[in-house]
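J.: Respectively, the protein sequence lines represent chains F and R. If you use the working numbering, the first sequence corresponds to residues 392 to 860, in order. If you use the working numbering, the second sequence corresponds to residues 10 to 341, in order.
Any given hint might turn out to be false.
[Unchecked claim] Restraint-style ranges between C-beta atoms, simulated for each label pair:
| hint | chain 1 | residue 1 | chain 2 | residue 2 | range |
| --- | --- | --- | --- | --- | --- |
| 1 | F | 435 | R | 14 | 29 to 37 Å |
| 2 | F | 791 | R | 228 | 55 to 63 Å |
| 3 | F | 749 | R | 228 | 29 to 37 Å |
| 4 | F | 757 | R | 55 | 27 to 35 Å |
Calculated directly from the structure, the hints in this document are not laboratory data. Small disclaimer: the values here were computed from a predicted structure and weren't measured. Where is the CB? At the ideal position from N, CA and C, for every residue including glycine.
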Amino acid sequence: MKLFTYSPGGTEIEEEKWTKDKPYVKLPPPSIAVIPLLQHTGAPNTPTVKVGDHVKIGVLIGSTSVPVSAPVHASISGDVIAIEDRLCPTGSKIQSVVIKNDFKEEMVEFERVDSIKNLTSEELLKKIRDAGIVGLGGAAFPTSIKLSPPKNKIIDTVIGNGAECEAYLTTDYRIMKEFPDEIINGILIELRILDAKRGIIAVEDNKKDAADLLVQKITERNLKEKIEVVLLKTKYPQGGEKQLIKAVLGREVPSGGLPLDIGVVVQNVGTLKAISEAVFEGKPLIERGITISGTVINNPGNYMVRIGTQVSEIIDKVGGLSKKLRKIIFGGPMTGIAQPSLEVPVLKGTSGILFFGEEYFEMAPEEESPCIRCASCVDSCPIGLLPVFIDHAYRRNDMKLAESFNAVDCIECGVCSYVCPAKRHLTDNIKKVKQSILKQRKIEAAKKAAFEKLKQKREQENIEKEAKK
Amino acid sequence: MNSEMIDLVVTSAPHVRKKIKTFHIMRDVVIAILPVTIGGIYFFGTGHTLGIIVVAIISSVLAEYLGNLIFRRKNTIWDLSSAVTGFLFALVLPPSSPYWMVVVGAVSAIFLGKIIFGGIGSNPFNPALVGRAVLMVSWPTFMTTWVKPFYWKIGSKSISAITSATPLSIIKLNGYPKLVSLFGSKVALYKALFLGNVGGSIGETSVFLILIGGVYLLIRKVIDWRIPVSYISTVFVLSFIFGRDPVFSILAGGLFLGAFFMATDYSSSPVTPIGKIIFGIFIGFLTVIIRQFGSYPEGVMFSILLGNAFVSYFDKVKPHIYGVFVQKGGRV
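Turn these sequences into a full structure, and let the hints steer you where they fit.
T.: Structure (structure tokens):
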């Protein structure tokens, strides 16, 4: 089989997938679920329950009429004990519904269908939206919005993202091994909704057995005409939407644009499974597969965890710590967020939780040494940026210069920091530069708008004066 | 849960780094120059040649230590970069250089080449070549006196018996046919140049041994192929255009040593892929021009130093940025 990849840039990551051979295990439901009302990219939900209400599993607890959003559902049965701001893994405090488990596991009736033949695109989309599906790869963008492109954009290809380039995580690999039919169903549903011709599932070659299984299932179901599986050369950050599209189709998403601008929709395989369950079983997104790994956690593995389970309960239920815990990472080590507390809950977008001890300090040394201009960052940037120069601009506080090096096109994949032999905090600095440029642009746009408004007003006044004369 | 078991730190991503450090890169460079060093010692004698190398390395490291002390910078001698500078500097010296001159050159290399610009990573010029340039203009006689390979085996102590001109200076003085006749045939000349059995600096004569080290650096991804390849091929093509023997032109002098070990110096070469190619072509052009029209027989050192001065301009040529120049439908 031909191996696909993108170029230039990217790197191989030295790591261990300890949990590769661990099938998904259902983690027992938590005694308390903290379910934030904003777990997606978009507008926050407003609670649809009150403190004291009794809820069953799958009951809607938050929704909004703003289109770019995804509703949230109760992941355990029990009583709502609080609706308050809680710390989220994203780093901010977000209004959350706190449910105390009664361990009765009462469930609402899910509306099942056997075939999608009689359903229209709108009905399928509504089912996906009502189930609160978001991108499970990490970005958590509402899936129903991703699947409703503007009328003038024609989508020709749907790519199932099974690249899983992040270190340590095996979430997507296990999904592909254990739920291949659901992934294929998910692709078929998306092809229906988007009226697209071609479905592709992309898998990196270190997960070839998963790719083979998918090929086998596709052949069995006689879907070879519609869906193909492509193998990618293992390389970070190939699971990033932009890199994946380039690797598979050779197309580039325009700067500041979206994949749908070039006729592509990319969907993580976990999301495809969730879509399939939402449509066929009517099941809302109340649990997800998570890799729990690291050096200090007992029984690392892949677990089906209810949304809203707090880290402290996960540690207890998985089997406790073996050594002193120094770092908790939500997501993968390249792009994940370090957590300050054990009280943060699992969100829809949480693909993994990693637990590290003292050895973390060797894994990511804090101390920088002088840049030796080795150009490792330049050679490995998947976007083709010059991280070393953007970093210089940041250190000189010269935003204009950073902007001239296209700092805003950075995808924050972390490769430049990873490969740097001088251990410089390139990614971190470029992120900061990028944020301040974007902020500045917003301010300037607002200023311009205000100026235009004033100008118009003046002109209007002048016209009125003229008329009076 | 036992609270003593938990003491959380929060840092920004990425939370994992490659294990390679500046030290490892410099160690690879040292490994890569070992074959050619052993070759140099073999051709030009154990005692004095080894002495020059040891003196150069010790002076460089001491100069780095003192420089950092004077400028109140962190001590950087353990990243091996100053040792590498001293090592490379020794390899571009004539095997007969007196020790005092080696010390002056090594200290100049570190101080004038590196420390005054801000230390490691900030030097605009290749420090080893800065040291050599200082000696070249200060003591030109010492720097252009070359001994024959295996000179210590010759019984005679007379200067004329053990000294020889480098192939390039023979061309400058007597022309190419004379040089070929000295070696018997073109093939014999190529062979001598490839193996290193000619007069020249300690580390520049054996193209074969330089290639072993160069290929090692390429495999270890310490250096990029772009600079050596564009540099050497430019010299090849331009020499041919000027009517010189192109094969001889790339094998002779310090071209391979310069192309693999000097022009690829990180801080004094471009970081962008296209910039590297332009840099290689530029210094290749200068090298041939100096050899053809200059009063010096060899032009590698001055062309690399001159090229260094223009690196920031070569770096202005940015690589292709994803999604910036995209046509309709995402085609690149």
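J.: If you test the structure against every hint from before, which numbers come out violated?
T.: 2, 4
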